[in-house]
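Can you make the complete structure from the sequences, with help from the hints?
Which chain is which? The protein sequence lines are A and B, in order. Sequential numbering of the first sequence, starting at 4, is according to our numbering. Sequential numbering of the second sequence, starting at 41, is according to our numbering.
Honestly, the hints are just simulated from the structure, not real lab data. Be careful, since some hints might not be right.
To be verified - Some but not every residue of chain A turned toward chain B, in silico, with C-beta under 7 Å:
1. A70
2. L78
3. G145
Unchecked claim - So these bits of chain A aren't anywhere near chain B, every CB distance computed over 12 Å:
4. E6
5. E18
6. L30
7. V36
8. G46
9. E308
10. K324
Glycine residues also receive a C-beta, built at the ideal position from the N, C-alpha and C atoms.
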Amino acid sequence: MAELNLVEAINRALEWELAHDPAVVVLGEDVGVNGGVFRATVGLQERFGAERVLDTPLAETAIVGTAIGMAAQGLKPVAEIQFSGFIYPAMDHIWNHAGRLRNRTRGRLSCPLVVRSPCGAGIHAPEHHSESPEALFAHLPGVRVVIPSSPSRAYGLLLAAIRDPDPVIFLEPTRLYRLFKQEVADDGEALPLDVCFTLRAGTDVTLVSWGAMLNETQAAAEALAQEGVMAEVIDVATLKPLDMTTILESVSRTGRCVIVHEATRAGGFGAEIAANLAEHGLYSLLAPVQRVTAWDVVVPLSRLEHQYMPSVERIVAAVRKTLEGA
Amino acid sequence: MATVARFEVEFTRFLDAEGEATQELPAFALDPANLIPLYRAMQLTRAFDTKAIALQRTGKIGTFASALGQEAIGVGVAGAMRKEDVLVPSYRDHAAQFMRGVTMAESLLYWGGDERGSDFSVPREDFPICVPIGTQVCHAAGIAYAFKLRGEARVATCFLGDGATSKGDFYEAMNFAAVWRAPLLIVINNNQWAISVPREHQTLTPTLAQKAIAAGIAGVQVDGNDVIAVHDAARQAAEKARAGGGPTLIEAISYRLGDHTTADDATRYRDADTVQQQWANEPIRRLRNYLARIGAWDPGKEERLLKECADQVNAAVEAYLAIPPPTTAAMFDHLYATLPAALQEQREAAQWFASHDGGGSHG
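And the structure:
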């Protein structure tokens, strides 16, 4: 088994699927000759040709818009938007067309499209390169929103996303691209979508997070374990549709929940999980649900970005708050 | 100083407003047997439009966008398409849709507020009507790319209005298709009005066809009220695309004789005299005059055709009105290929409430 970082795992998943399904097409800015600005698509054009791995003109609307047309024709386009801060021009297509095509044609046409885009802060990037827009997409009917938290999960979830018959917004935490390596079996085995993964078992509090923040969340769980507080850690992985069953089951045992995300707080996806807990799990809660999120501000440039992103200390503090009076 | 590039935009018309041939007609138009089906399709579209507006006024369908005066564009272009091609229409393109095999009952079902109206029984790969402006050009470019990738001699054809040429989607998609040499036909229905904004307030360029120059593809202008000119241009563009010659932009110049939609009142922003003058250019009278002049049409045939169109429209209305409303569950049934477990509860709740209050109370 190869030791891969997350961006290499993405590359292997794309390569596997291009090799095994002739309908798969990869398109985007700089994905061909250059292999992508993060090298996620490196070597793919060389192997599969410029007709299946396309360097497109620089236009996000048309990258996603044309991919919808390809998908309706039975291709399985994997469109890369170079940074999620540039995805907004394509929002019209994602919302008005990709997410609706199957429904409005009563299943006559479908849209097996994947839109891949790096997301999140922490890499000292320029403006508009550090956004966490997952809640915008999770609000849309008809799409899936998937965010991997490790190389092996990136590999398996991306395969699942490409094979899924409906549109998937696949957000890749830029900070994790090269943060760590992991053994990944490049065997074409997909992971299930629409389910949460429990990364660590615990009895005192449930920590719910996704993407890059699982790094801090797991570190917080480790720190808490040193103090004798056993935290269960859940990787949401697929935000839309949301697997509340796993989260509710965990909270029914722990009685406490802290939700951690890097996106801003107001209208963030943590609010959706907290609302579900209030609706369906209130009586198992021993303390109010806590959210640890970015502040409701514009993602700052690099000098302040670490103060913007939730820290291990803030997660631990939130857990302590849920334990007060226990 | 040196001129490094120079461009021309050609305008084509075969029949003038009175139906007189202004130049030698293309081969297909020499046989009236090829023209009469186009005439019939234009009359059928007009009969449908009249009925659809009446249905809207009596609350039997919702907002509707009429194609009055622009019948030659959809009929001429779709008449040049093959069955295996794919149509990507905008919301004023039922003339083309009917030519493709979309039924009038399906169209009424769509405008009547039922998604089943976009589940066409015949052109299964054609796109449903696109309401957002210009986005469909991107979809058509992607479809055309799929044809090219698979080596299929098929053409994707999309329609847009003059206003849509101001959208980035139009430029981006045309540029993509051009770079890809994709078999795409982009047809601008230049009906002079983007709701209340006239063509001259939409863009400073003297033609819309010249926008193709920026993408490096052919852009031609035709008299959009001359079905022969429209059909001829579309046929040539489709043949070129099928042979690997890439996309073509056709600007068909017409005039919107009706309101933008049934929700619009065009008397607020344009004077009746101008509209009245434009009636002299409309496409149906023009072709009828020509056919009569060559002895291929007469009042008897006209009377029989109008009766036949009215009967066909009335039968479609009856068929539409007889279709029972969709079930509550239909909202969920095609949202995803398989309904996610997370949505099962909502589906059941919606059904429960619909069965208990009839779905009619929104208090």
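### Message
Run through the hints listed earlier and report the numbers of any the structure violates, in increasing order.
### Response
When the structure is compared with the hints, only number 6 turns out to be violated.
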